[in-house]
Structure formats: C-alpha cells, structure tokens
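Turn these sequences into a full structure, and let the hints steer you where they fit.
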Amino acid sequence: MEKIKIVHKPSLGYRIKKAIVGVALIAFGTTFEKVSKKDKVLIEELKDWKEGLVFSLGVLPAGPAITMRKERGAIKYLGRGYKENPELKLLFKNMDSAFLAFTGQMGNHTAFAQHRILVHGSLVDGVMANRGMGIVQAFLLPGIVLKMIFKRPPKLTFKQLLIKANVYLMVGVWIALKMWK
Amino acid sequence: MVPEYYEFLCPVRIISGMKALSNITFEMELLGAKKALIVTDEGVSKAGLIKNVQKAFGGSKCEIGAIFDKTPPDSSTDVVNEVAKLFKDKKCDSFIAVGGGSCIDTAKCANMITVEKTNDLMKFQGVERLSKPLKPFIVVPTTAGTGSEVTSAAVIYDVKNKTKLAFTSGLLFPNVAILDPKMTVTMPAKITAATGMDALTHAVEAYYCIQKNPISDAYAIAAIRLIFDSLLDSTLKPKDEKKRLAMLNASLLAGIAFSNSLVGVVHGIAHASGGVARVPHGIANAILLPYGMENNFDKAGDIIAELAPFMGASTKGSKLNQAKAAVAAVRQLANELKDASGLPTKLSEAGVTKDQLEDIAKTAINDGSCTMNPEEVTFEVALDILKQAF
Chain A
1 MEKIKIVHKP SLGYRIKKAI VGVALIAFGT TFEKVSKKDK VLIEELKDWK
51 EGLVFSLGVL PAGPAITMRK ERGAIKYLGR GYKENPELKL LFKNMDSAFL
101 AFTGQMGNHT AFAQHRILVH GSLVDGVMAN RGMGIVQAFL LPGIVLKMIF
151 KRPPKLTFKQ LLIKANVYLM VGVWIALKMW K
Chain B
1 MVPEYYEFLC PVRIISGMKA LSNITFEMEL LGAKKALIVT DEGVSKAGLI
51 KNVQKAFGGS KCEIGAIFDK TPPDSSTDVV NEVAKLFKDK KCDSFIAVGG
101 GSCIDTAKCA NMITVEKTND LMKFQGVERL SKPLKPFIVV PTTAGTGSEV
151 TSAAVIYDVK NKTKLAFTSG LLFPNVAILD PKMTVTMPAK ITAATGMDAL
201 THAVEAYYCI QKNPISDAYA IAAIRLIFDS LLDSTLKPKD EKKRLAMLNA
251 SLLAGIAFSN SLVGVVHGIA HASGGVARVP HGIANAILLP YGMENNFDKA
301 GDIIAELAPF MGASTKGSKL NQAKAAVAAV RQLANELKDA SGLPTKLSEA
351 GVTKDQLEDI AKTAINDGSC TMNPEEVTFE VALDILKQAF
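One line per chain: the protein sequences are A and B, in this order.
At position 58 of the first sequence (counting the first as 1) the number is 58 in our numbering, and the numbers step up by one without a gap.
At position 57 of the second sequence (counting the first as 1) the number is 57 in our numbering, and the numbers step up by one without a gap.
Treat the hints as calculated values from the structure; they're not laboratory data.
Honestly, I wouldn't trust all of these hints.
Lysine-lysine pairs mimicking DSS-like chemistry, simulated, CA-CA at most 25 Å apart [said to hold, decoys possible]: (1) A:151 x B:85; (2) B:132 x B:85; (3) A:70 x B:123; (4) B:319 x A:38; (5) B:319 x A:151; (6) A:93 x B:132; (7) A:50 x B:362.
Below is the structure:
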C-alpha cells in the first residue's frame, strides 16, 4: 500500500496566493487612505465612523494582515500586521477565500454570505467597514469586474475616474519599485 | 440550483408534541445536568406557565435550583450578569429558558459568560469568538415567532456603552428545544399574529436572500406551508393545541432556515424601527414584509415566484406575476390577521411618525441583514420602503 506523506510545508500554490493576497492588502490599505482624503462619497461615509476606530483586515490562521485607523475624518493606513489592538477585525477564514475576494472573483457580500469572512467586534462597525471597503474597491477594480461582483456596480463620476487613474499609477509604481528591489 | 459554496448547522435536539414538556428531566439527565436555573419573564410567570415546567420535575432526581423571572423585553448586560451570578450562587449546572426571544438570548449570554468566566461580553462580540462549549441548555419557547431555540445568535443591549451587542457562534445553539403547545395557549391574539408573521418573514427572507441553500430552502418552505395553514386559526382559536403546535413547528423551521441563510432588508428595517421608534419586532416585520419582497423583484423575483404555490397564490402567468401573487397572499394574510387581532398593517398605525423615517433608514443600512439582501440597500432604498409602508 502506498505510504501517504504528511506534509506540513505550505504548497507552492498556497505561497503564490499568499504573496498575491499580501500585495493586494497593502494596495488596498494605501488606496483606502488616499481615497478617504479625496473622494466625496467615501468622506461622507466616514463621517459616521467612530473617530479613532482601529480596524484590521486579515487572513486566518496566520496569513497577512493590514491595520487602519480613522483619524481626523479620514483613514490612516498603519501598515502590515495587527497593530494597536484593533477594535474591529474582518478576517478571512483561509487563504483561498481571501484570494477569491482580493482578485476580484468574489464580492464582499458573497464572501459574507458564504461564511468566508468573520467579524470580530461590533457587527454595526463591521457593516460600515464593509460598505467603506466596497467604495474603495470601486477605485481598485476594473469596471468589468465591478459589474460581475457588485449587486449594483457604482457609476463613477469624471472626478472619481481621475482619482482611480491616480490610484492605478500609485499602485503600479509601488509594485514596480518592489519588483526592482 | 445549488450554490457554489454554503455552510449549514443545526445541532439542536428537537422534541415536539402534546406533553413534550414531560421529557425535560430525561433530557437534563442525558446532558449530565441535575440542577437547572430557569430564565423567564414576568408575563410567562403570571400566565402560570412556569407551573407546567415545575410539574415536569415531579418524581425526578433533577431539581430547579432557581427561577429568574425578571427578564425584560429588551434584555441587557446588567440582566445577563445578574442571571450569571444567580447561576453561580445557587450552584446550578444547567440553564432552561422558558419564554420568547429575550429570555432565550439572556440565557445564551449568561451561559456564555459563565463558561468563559468573565462579565465582559464585549470581548465576544462578532462571529465565532467563543471557544468553550456552553453549560447544558434547554429551551421551552412560549411564543411562535423568533425561532431563537434553533439559532446561533444572541443580541443584548450594552447598558454601559449604550449599544446593541450581537454574538454569533456555533457554540450558542441550545442542546434541546421542547415544543409543547400548552406553553403557547395563553398567548394573546395580537402577539400570536405578530410572532407568527415574524416567523413568516424569517422563512420568506431565508428563501430568497443571497445566503440561501437547498437545506435552508426545505425548512423555509415547510414553515411557510404551516404558517399559511395555521396562523389565522391559532389567532382566532387560541385554545386549539393542534394549531398552536403547528405554529411552534413553523417558527422552529423558519428559525433553522434563517439561522443558516440569514435574512434581508425587511429585518434590517424592522430592527431599526424597533431601535428608533420602539415598534415591536413581529409587528414591524408584518408591516414591512410585502414591501421588502417587492423591493427584491428585480434581483430575486423568480425565486419569490417559487413561493406562490406554498402560499395558496396563483401560479399562472409570468414569474413576475407569480411573485406579485405571492406578495398579495402575504398582504391578504396580514389583513385577515388585522381583522382578527388588530395587528397593524402600516407603520403609522404602529406609532411611527413621519419625522422618524429618515433616522430609521439611516440605522437600517448598518444592519448586517441588509448585506444579505439580493438588492443593494442604500439609504434611499430603505427610505423608499419606509415611505411606502407608512
């Protein structure tokens, strides 16, 4: 009988997904900060958020994470990992779930419906964070992807399209610099 | 159609029937329990229903350690801490919740802080944050509405921070749910109607919201059939134990459905109506259900149409016509219940004022239920539904 090998080392597929999710999270965090200072829709949405709220977005059990804080009406990206004892965490149960969401294959509402994301903290804060994340995703993902994963894809104004172009430039330059290093 | 992925859980042992309550001590022994703390409210106590439970302990080695009958309609962290303290002081080893949603949620939360050895419920807010199994926990519902005897959630008002705390965990399920019609025969007509419509809303929303799956669908359909068959009769003839038992089962089936498939915009707005305008939950659901269904015609009309035959509605014509027929059947039931019990069918009849509508809409969009609604729920959408239902 063939002996079954017990493998604890993550597979190549897992490591690739982890790398992509890690990059996507950083892009998401920096975009959230940028858009929170420029886009009227997100600025209005953030008015109801608790000032000083620290929230993290991460992947269980030990995947990448980022932390953000609401500061002076906008979002400040605090960096990688769970920082400052976040009051709210939105956690993907596993890397496959995070990969689906961060590569635009699945919308947030579907991820919640399929129990792929957990909320640790107030559910009201979680719903508001989810709505904010949806606004930010509209600036990160191409229109054709938004049509597939959003219940009602947002129609971006000309000013919002300019912000989106700026975001793409920022993320593109950052990725290029990282690869150059 | 089977969704590409779903999860389903219902580990509750269900005992239903005439004199089902006489099994309570047997179930306690199976769970290794000997001394129960009964969590109930004054209404249940005054109706003499606790005496039914006490009778069931006769001749058994199990005993009732204490009875807490001060659970308010909207339970709070103070009440939960008081219950947990009583549990510890009387050296009980199990909880029995006898009552509606508030009693059941109070018992769930008191059980939670007992096993986690803390009185800080904030630590467990959210989804799947518990790590220890609860103490043996039996529920005897006295309303046929919330379905909390088979759900994984509990909601409590945090007095200190003036906010609602919500907990969801697979560990929050009771061990046993006992459905005995004797425990619901004293329910007044209006409460029977309101809680029944709450159950209907659970079942209907569970069927068409985005988390639906084949298992929850089966429970939802069974619930809808029973409700359309039994709710009006149990409102008109409160002593009819067969109809009361049918409604208890309908409520349980709807509870299993929505616990696994969640709900949508109707519940989102109903929760907000309760918070802002103090509209009782069942009444809010009864008023808002037809409007919530109509709101989802574009995204889920075909699915809503599938409910028409189970509501006694026409199955002729296009899917949209069938969906409209289903909504008409819900409206007809609500109107019949209004004639039978005075159940309001408009928000203005339930005491909501026009100036409250915007606050309700603003609160509703932050309710988790709206995330599961097929149609996007914005402030404008929620306000539109409220204006129509006013």
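Status of each hint after checking the structure:
| no. | hint | result |
| --- | --- | --- |
| 1 | A:151 x B:85 | violated (47 Å) |
| 2 | B:132 x B:85 | holds (19 Å) |
| 3 | A:70 x B:123 | holds (21 Å) |
| 4 | B:319 x A:38 | violated (44 Å) |
| 5 | B:319 x A:151 | holds (21 Å) |
| 6 | A:93 x B:132 | holds (19 Å) |
| 7 | A:50 x B:362 | holds (16 Å) |
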